[in-house]
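Using the supplied hints, reconstruct the complex from the two chains, each of which is provided in its own coordinate frame.
If you're matching them up, the sequences are chains A and B in order. Be aware that the first sequence starts at 1, since it is given in our numbering, and climbs by one per residue. Be aware that the second sequence starts at 1, since it is given in our numbering, and climbs by one per residue.
Careful, some of the hints might be misleading.
Claimed, not checked - Straight line, CA to CA, 25 Å or less: simulated SDA-like cross-link-like pairs of lysine to any residue:
#1 A:Lys201 / A:Lys211
#2 B:Lys22 / A:Asn260
#3 A:Lys130 / B:Ile20
#4 B:Lys18 / A:Tyr82
#5 B:Lys52 / A:Leu301
#6 B:Lys52 / A:Tyr310
#7 A:Lys109 / B:Tyr38
#8 A:Lys109 / B:Glu25
#9 A:Lys77 / B:Asp41
#10 B:Lys19 / A:Glu112
#11 A:Lys274 / A:Asp252
#12 A:Lys109 / B:Gly51
#13 B:Lys73 / A:Leu301
#14 B:Lys74 / A:Gly110
#15 B:Lys52 / A:His302
#16 B:Lys73 / A:Gln93
#17 A:Lys77 / B:Ser35
Bear in mind the hints are in silico, worked out from the structure with no lab data behind them.
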Amino acid sequence: MTYLDYSATTPIDEEVLDTFIKASKYIGNPNSLHKLGLEAKHLIDASTKQIANILNVKEEEIIYTSGASEANNLAIKGIENYTNRGKHIITTQLEHSSIYGPLSYLSEKGYEVEMAPLKEGRVDIDALEKMITDDTVLVSIGAVNSETGVRQPIEEIGKILKKYPKVIFHSDITQAVGKIKVDLTNIDMASFAAHKFFGIKGIGALIKKEKIKLTPLIHGGKSTTIYRSGTPTTQLIASLAKALRLSYENIDNDIKHVNNLAKKLKNSLSSYEKVYINSNEYSIGHIVNISIIGVKPETMLHALEEDEIYISTQSACSTGETSKAVMALTNDIDRSSSSIRVSLSRKTTEEEIDKFLNSFDKCYKKLV
Amino acid sequence: MKIIRINAVWCSGCLSMKKIWKEIESEYPDLDIVSYDYDFDKREVQKYNPGKVLPVIIFMKDGKETRLIGEQKKETILKMIGEYNEN
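Bound conformation, chain B alone (with noise of 0.2 Å):
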């Protein structure tokens, strides 16, 4: 599974998020997770199609995709991760 996320400097979800993220990433070391920034790398970006309303999140694996747009709950993302890793 790979996780793609999307965030902006200027966006306060995406910034209220962090705090989520790092927890995230220290309890599950072995997720791919991708960060793009919404300005600064605009090619990369596109090819999400993401939108205007950030952050956004793309769960991807096998094909599947799912996303979640706007600030999310940790257990929000965490129920995501189960999902992907029991598929």
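If we strip away everything but chain A, and leave its shape as in the complex, we get (with noise of 0.2 Å):
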């Protein structure tokens, strides 16, 4: 089996099974006084440091939730903790259906959700801060686009936010953790999943500064936190340490190796007269956008599929017939109808990019 589908989630890291498992047998209730509850709490604890310690954060500005959509929910419907301050959101069209949905919510209780144009898949910086009004509350933009593997420049556009102090910036990174360096010094929300670097499906977090006071999506005791309610679940936290910091620890090389492996992929396809690749030199190596032009992406899936080499059409959580995010980088409809996703990860090996080839050359002559 060739797996080419990390962006859309990862296998469990046995080193991070094995974490969940040691985990497990920490029985007591974190917020039980007795020795049983202390031992999973100081389990707890020492995964936030480490987390915190990872992403350059304070541990106090850690929520913890089931991943990256309920962290999604809880920034943006949070925000109506903020309605005093004002209605007006701006976003992007290349956001997660878990940004969009939210939005919908909170734009059925009037607030105005506006999108910020793009330049080449990416946000228009100068524009964006044009739109700003006395009214905007939030800012929601995406660090990586999951088709594209476009980066945003989420720092740049923090930087600039910072000079409108009413404006709460959220940035779903859920495609950029684990993958690459992310400064979330001037992003006030952040959002990511565990399953998307080698971690375990079930647990995510929101990242969020301390100033920030959102209306919790589950009230109850405190927690962890008090902006999400319930036991601590101790071996997910822990687990979601392992996943990050393995992730991390050899960041640099994991670039370079994956970016090679990019590179190769895409000399190799882009030799292919109806080939297109639409991932861009702001593209991450770790997605690799092509289109076949004349052949529908489910097709060349399930071609490939028949060779056991697993790789994906738009976004999981979308559907149409177009790509939003191709069509955002190529304004061609042949492209953004007839695009697949190829994703890498620091696991991917050479051979499987040539098996993915080879596979690929054979669907090809047969179906174009």
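Here is the structure:
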């Protein structure tokens, strides 16, 4: 099997699973005052400290959630706490459905949601700044687009938004964390999930600056934080810390490795007459998006699947016959309706890329 | 004339168009507009066979039907309203 759909999800790393199993033996409720509870609490505290160190944030800024979708919902719906501050929100057309869902919810409650214009798939920062009004309360822009891998200039956007203290800046960093370095200094809130970097499904986090007070999604007693009640999941939190540590311990080498594989992939694929490389110079190496003109993405996906090669078409959480993300990059309807995504990870090998290229060649000759 | 709108909460085009529809509804208060959610109103939506691209906007009058598929500009919708109101 050749798995090249890492941006959809990743298999669990054996070491992460081992941590999960070991931490599951901490049977105490971390909120209990007895020894067993304290042991579990200490493990959570150590894990939180590790996560905070890796992401260069404060421990108090970490809110554990079930994943990025919940973190996005908490960040966006939680903004209702600032109703008196304003009801204007700016986002982009490139976000995950778990951004549009809560934004749709808020729009039914009188919030106005506007899309920032894009240039070559990236937010036009000047235009974004001009969109800010006295009523703007939130800007939500994802760090890396899941389909094309285009990296948004979130650090620069964060710096500009500092001039507008009423505006809260949220970024969905799900496709960035564990793959590239992210500077969260000027980002007020950031969401991610562990399963995108060899962690376990069911755990993620919202990083939130202490000054921001959100309306919780789940009200109740204090858990690890008042913003998300429920018994803390000791083993999931420990596994998140482990997955994050493994992802960042050799990050520079891993980025080089992935970029080399992406380069090989792009060079080989660009030699085909009907193939267009959609990922551009702003894309991270982990995501290579291409179009095969005249071939339905699903047809290519299933043809590759016959050789046990697994890639994807559009984002797993969207539907539609054209890709908005590819359209934003290419302004070409043929390319945006025939795109596939090959997504790599630090564990992808050159042999796997060769296998993919061999199978692709066979499928291309059959289908085009 | 009746206008059927088919939207979904995950659809960015649907979200972008909310402001436009609010304006149109206030400018044309007599318009008969019915809005369905692709996921929550499955039974009603299936009757219109909307396909996969949203939003879908269906203009209906006296058996005549025109569809606009995907995100639209306000002018495009107003033009369709004008055409249907003339007939």
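Hints and how they fare:
no.: 1; hint: A:Lys201 / A:Lys211; verdict: violated (29 Å)
no.: 2; hint: B:Lys22 / A:Asn260; verdict: violated (50 Å)
no.: 3; hint: A:Lys130 / B:Ile20; verdict: holds (20 Å)
no.: 4; hint: B:Lys18 / A:Tyr82; verdict: holds (22 Å)
no.: 5; hint: B:Lys52 / A:Leu301; verdict: holds (18 Å)
no.: 6; hint: B:Lys52 / A:Tyr310; verdict: holds (23 Å)
no.: 7; hint: A:Lys109 / B:Tyr38; verdict: holds (20 Å)
no.: 8; hint: A:Lys109 / B:Glu25; verdict: holds (17 Å)
no.: 9; hint: A:Lys77 / B:Asp41; verdict: holds (23 Å)
no.: 10; hint: B:Lys19 / A:Glu112; verdict: holds (7 Å)
no.: 11; hint: A:Lys274 / A:Asp252; verdict: violated (34 Å)
no.: 12; hint: A:Lys109 / B:Gly51; verdict: violated (28 Å)
no.: 13; hint: B:Lys73 / A:Leu301; verdict: violated (34 Å)
no.: 14; hint: B:Lys74 / A:Gly110; verdict: holds (20 Å)
no.: 15; hint: B:Lys52 / A:His302; verdict: holds (20 Å)
no.: 16; hint: B:Lys73 / A:Gln93; verdict: holds (15 Å)
no.: 17; hint: A:Lys77 / B:Ser35; verdict: holds (23 Å)
Violated hints for the displayed structure, listed by number in ascending order: 1, 2, 11, 12, 13.
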